[in-house]
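Sequence order for the protein chains is A and B.
Numbering (our numbering) for the first sequence: 1 to 114.
Numbering (our numbering) for the second sequence: 1 to 117.
By construction, these hints were calculated from the structure, which means they are not laboratory data.
All C-beta atoms, glycine included, are put in the ideal place defined by N, C-alpha and C.
Incorrect hints may appear among the rest.
[Claimed, not checked] Label-pair restraints from in silico Cβ distances:
#, chain 1, residue 1, chain 2, residue 2, range
1, B, R67, A, S3, 47 to 57 Å
2, B, R30, A, S52, 16 to 26 Å
3, B, Q18, A, E71, 40 to 50 Å
4, B, N59, A, P30, 22 to 32 Å
5, A, G62, B, F69, 32 to 42 Å
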Amino acid sequence: AQSVTQLGSHVSVSEGALVLLRCNYSSSVPPYLFWYVQYPNQGLQLLLKYTSAATLVKGINGFEAEFKKSETSFHLTKPSAHMSDAAEYFCAVSDSNSGYALNFGKGTSLLVTP
Amino acid sequence: KAGVTQTPRYLIKTRGQQVTLSCSPISGHRSVSWYQQTPGQGLQFLFEYFSETQRNKGNFPGRFSGRQFSNSRSEMNVSTLELGDSALYLCASSNDPPGAGNTGELFFGEGSRLTVL
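Please construct the entire structure, taking both the sequences and the accompanying hints into account.
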C-alpha cells in the first residue's frame, strides 16, 4: 500500500530564509505526487504536482519540488520565505493501485518569523 | 469560473442524529471526492463519484454514504453520528483522474465543519 511521511510536524524559519519541507513516499507502482497548502479555515490549494514528466517541478508562489526516485522523496523548497507562507502543508501520493485517491501525509505547519 | 462550493460551512449536531453535506463541483468537472480531516487522523479519503457512480471508497463504516446527481453535484450523509465524526469534511472535484490523459489534480472546497455534541 502507498504511504507518505512528512518529517517534522512543525517547521520554523525566518523571513527571507530557505524553506525546506520534507516528504518521503512509498508506492509499488509509479506515483503521482502533490503538495497542497491549507490556510486557517480554508480548503486545500494545490502548490505543485509530479506526474512522471520533469523531475523538478515548479509551482505557485515560488515553490518547487524535486522527485527523487532513488530516495523516494519529494521535498518542497522555496528560496526565500515570506510571512504569507505561514500555513499547513500537505504532501500527497496517488497511484493506480489506490484508484488515484489521494493519500496524505500528516502535514507540516510552517511558521515564518520576522 | 466558480470554485467548489460546499454547504453548509458550519453545523452542530448531537450524537445519534444524521447529517447531509452538499458539494457543487467546478463546472465541467465530473469527478467528486470527499475527504475527512481531523486533528488525530489527518486527511482521509471517504469516497469518489463519477457520473453518478461510486468509483472508489475509503475505509469508513457504512454510516458514511454519498451520492452524485446527474448535474455532478454530490451529497454525503453520515447517520447515527458519533463524537468522533466531528471533523472538517472536504469535497474536491476533478475533470478526470490520472490514467485518462489527465493529471488527476483535485480542486478543493473550503469544507463543512461538523461538530457533534
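Going through the hints against the structure:
Roughly 30 Å separates the CB atoms of R67 (chain B) and S3 (chain A), a value that falls outside the hinted 47 to 57 Å. Checking the proposed 16 to 26 Å range against R30 (chain B) and S52 (chain A) shows it holds: the Cβ atoms sit about 23 Å from each other. Under the hint 40 to 50 Å, the C-beta atoms of Q18 (chain B) and E71 (chain A), about 46 Å apart, fit the expected range. For the hinted restraint 22 to 32 Å between N59 (chain B) and P30 (chain A), the CB-CB distance of approximately 23 Å keeps it satisfied.
Look at G62 (chain A) against F69 (chain B): about 40 Å separates their beta carbons, and that is inside 32 to 42 Å.
Consistency with the previously given hints fails for number 1 only.
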